[in-house]
Amino acid sequence: MKDSITRSELINILAAQFEGSELSKSDISLSVREIINHMSATIANGDRIEIRGFGSFTLRQRNPRMGRNPKTGEPVPLGAKYAPHFKPGKDLKEQVKDKVGT
Amino acid sequence: MTDTVTKTDLAEILYMEVGLNKREASEFVSVFFETIKAQLLAGHGVKLSGFGNFELRDKKSRPGRNPKTLEEIPISARRVVAFKPGQKLRNTIETYAGSRSQ
Chain A
1 MKDSITRSEL INILAAQFEG SELSKSDISL SVREIINHMS ATIANGDRIE IRGFGSFTLR
61 QRNPRMGRNP KTGEPVPLGA KYAPHFKPGK DLKEQVKDKV GT
Chain B
1001 MTDTVTKTDL AEILYMEVGL NKREASEFVS VFFETIKAQL LAGHGVKLSG FGNFELRDKK
1061 SRPGRNPKTL EEIPISARRV VAFKPGQKLR NTIETYAGSR SQ
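Residue numbers (the numbering used here), protein chains in the order written: chain A, 1 to 102; chain B, 1001 to 1102.
FYI, nobody ran anything at the bench for these hints, they're computed from the structure. All values reported here derive from a predicted model rather than from experimental measurement. Among the hints, a few may not be true.
Here are the computed lysine to any residue pairs in the SDA-like style, where the Cα-Cα straight-line distance is at most 25 angstroms [stated by the list, open to error]: (1) K97(A) <-> T1095(B); (2) K87(A) <-> H1044(B); (3) K99(A) <-> K1088(B); (4) K1088(B) <-> Q1039(B); (5) K25(A) <-> S1030(B); (6) K1088(B) <-> A16(A); (7) K93(A) <-> G1019(B).
One chain only, chain A, in its complex shape:
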């Protein structure tokens, strides 16, 4: 493990799976882009994405807090932060769990 595939490799794998269908490689590449763009906008908007068997994405808020300038020690207010969060679905979680060490 530890190696990753890239977006273009994923597109190639998808293209191989759709070979012989009506979908061209540019349809596939455009579809991947549309899915990613729509998912990004959804998360950024604070809405939730739920893909059954895969997982869900939400936007989590970290509360505003007082920080400090490390040089002067002066308190600095830090605004609320938002970060996307992915929770693997039950299927994915259960199936990947036992692959440990492989």
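Got chain A; can you put chain B on it based on the hints?
Below, chain B without anything else, positioned relative to chain A:
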């Protein structure tokens, strides 16, 4: 109030924006997530530029506890999927967060 986006909504986007027919759109969305899942199960991370990276992490076994009965049960070694949002997604979130708080 938040809405939840599902595979059906993503398929609708592909129908509207890419011009896939409804059957192709819905099949593509399913195959897209199944393919990412298959890569993760095969021990490969998936990097989706513009969105983020799905990474695999192996966790050692550790002592756990049933919070109700306080009974000690070891938590077995396992592999988990983590999502690390990319810069572009983080920037998109910043922009939306800014417009929300003003």
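_Hint consistency between K25(A) and S1030(B) [alpha-carbon to alpha-carbon, up to 25 angstroms]_ = Within the cut-off at roughly 17 angstroms; holds.
*25 angstroms Cα cutoff - pair K97(A), T1095(B)*: violated (36 angstroms)
*Within 25 angstroms, alpha carbon to alpha carbon, are K99(A) and K1088(B)?*
violated (31 angstroms)
*Under the criterion that the straight-line Cα-Cα distance not exceed 25 angstroms, is the pair K87(A), H1044(B) satisfied?*
Distance of about 18 angstroms is within 25 angstroms: holds.
*Proposed proximity, A16(A) with K1088(B) (alpha carbon, max 25 angstroms)*: Violated - the C-alpha atoms of A16(A) and K1088(B) are around 28 angstroms apart, more than 25 angstroms.
*Going straight from one Cα to the other, do K1088(B) and Q1039(B) come out at no more than 25 angstroms?*
Holds, because 23 angstroms separates the two Cα atoms, which is no more than 25 angstroms.
*Between K93(A) and G1019(B), does the CA-CA distance stay at or below 25 angstroms?*
Given pair K93(A), G1019(B) is violated - Cα atoms ~34 angstroms apart, limit 25 angstroms.
Checked against the numbered hints above, the structure violates hints 1, 3, 6, 7; every other hint is satisfied.
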